[in-house]
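Asks: Residue numbers for the sequence shown, in our numbering: 1 to 229.
By construction, these hints were calculated from the structure, which means they are not laboratory data.
Where a beta carbon is used, it is the ideal one built from N, C-alpha and C, also for glycine.
Check each hint, because a few of them may be wrong.
Unchecked claim - In silico lysine to any residue, SDA-like type, Cα no more than 20 Å apart, as pairs: (1) Lys69 <-> Ala56; (2) Lys183 <-> Thr136; (3) Lys69 <-> Leu10; (4) Lys37 <-> Arg19; (5) Lys37 <-> Glu26; (6) Lys69 <-> Gly44; (7) Lys183 <-> Leu224; (8) Lys69 <-> Ala59; (9) Lys37 <-> Val11; (10) Lys131 <-> Glu145; (11) Lys183 <-> Gln165; (12) Lys37 <-> Leu10.
Unchecked claim - Have a look at the derived ranges for each label pair, beta carbon to beta carbon: (13) Ala135 <-> Ser58: 41 to 47 Å; (14) Asp139 <-> Pro67: 44 to 50 Å; (15) Gln204 <-> Lys37: 30 to 36 Å; (16) Glu101 <-> Asp12: 45 to 51 Å; (17) Leu184 <-> Ala119: 31 to 37 Å.
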Amino acid sequence: MSPHIRKNTLVDQVAHELRQMILTGEVQPGEFLPTRKELAAQFGVGLSTVHEAIQALSAVGMLESRPGKGTWVREDTLDTLIHPAAVQTRLGELNARQVYEARFVIEVALTEFAAERAAPEDIERIWDAVKAMEATVADDETFVEADLEFHLAVARAGHNELLEQFYHLSRKLLSEVIIEMIKLPDVKQDSIRLQRAIAQAIEQHDPHRARQTAIGHMEYVDHLLAAWD
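Between the sequences and the hints, there should be enough to build the whole structure, so can you do that?
Replies: Structural data, given as structure tokens:
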């Protein structure tokens, strides 16, 4: 192994788990983390490891601690992007076109990476989401959840933590867009058809085809945006 490359330390691993708790909404902005003793027991590590992981996330502005008070997620960690009450306002500020362009870059890359890196369990999660979409066509709310789960499964299958975190940051914005778009004619069936094509390309580990199907999906979204406007 190169001397410049090191294995992930326990501190790195605990910091990763804490980031995931925040980014997936398990712990919301303003909420306290479990005590350090509880976290140490949960992760099977020492108190010093938890302390260093919390310090690392505090240094980048995700957490804040006070002696005798505990450690909490900073209000501004994710709130400016994904606070539910601000979604519509934020969409207006960002411009739907900007959201689309960001999604295009992230989702095409993640889909290509997923075709290269997906493990069998990743592929199973992707197909489970497609089947859930097919089973919930009559229920808008559960259909949207299944659609979001498909995107999340693809993001995880790409095995790029930073890109996956970008997906989590945009998840609430994306859900609002999907809710509006599925009101347009034939969108649910078209979405299922396109997601199935993506799932097949990933299952066959064909990065080129995966990229092309993802681009086709995003071009369809672009068409819907024009109709929505």
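Asks: If a hint holds in the structure, say so; if it doesn't, say that too.
Replies: Structure-based check of all given hints:
no.: 1; hint: Lys69 <-> Ala56; verdict: holds, 19 Å
no.: 2; hint: Lys183 <-> Thr136; verdict: holds, 15 Å
no.: 3; hint: Lys69 <-> Leu10; verdict: violated, 25 Å
no.: 4; hint: Lys37 <-> Arg19; verdict: holds, 18 Å
no.: 5; hint: Lys37 <-> Glu26; verdict: holds, 19 Å
no.: 6; hint: Lys69 <-> Gly44; verdict: violated, 23 Å
no.: 7; hint: Lys183 <-> Leu224; verdict: holds, 11 Å
no.: 8; hint: Lys69 <-> Ala59; verdict: holds, 18 Å
no.: 9; hint: Lys37 <-> Val11; verdict: holds, 15 Å
no.: 10; hint: Lys131 <-> Glu145; verdict: holds, 12 Å
no.: 11; hint: Lys183 <-> Gln165; verdict: violated, 28 Å
no.: 12; hint: Lys37 <-> Leu10; verdict: holds, 16 Å
no.: 13; hint: Ala135 <-> Ser58: 41 to 47 Å; verdict: holds, 43 Å
no.: 14; hint: Asp139 <-> Pro67: 44 to 50 Å; verdict: holds, 49 Å
no.: 15; hint: Gln204 <-> Lys37: 30 to 36 Å; verdict: violated, 48 Å
no.: 16; hint: Glu101 <-> Asp12: 45 to 51 Å; verdict: violated, 32 Å
no.: 17; hint: Leu184 <-> Ala119: 31 to 37 Å; verdict: holds, 35 Å
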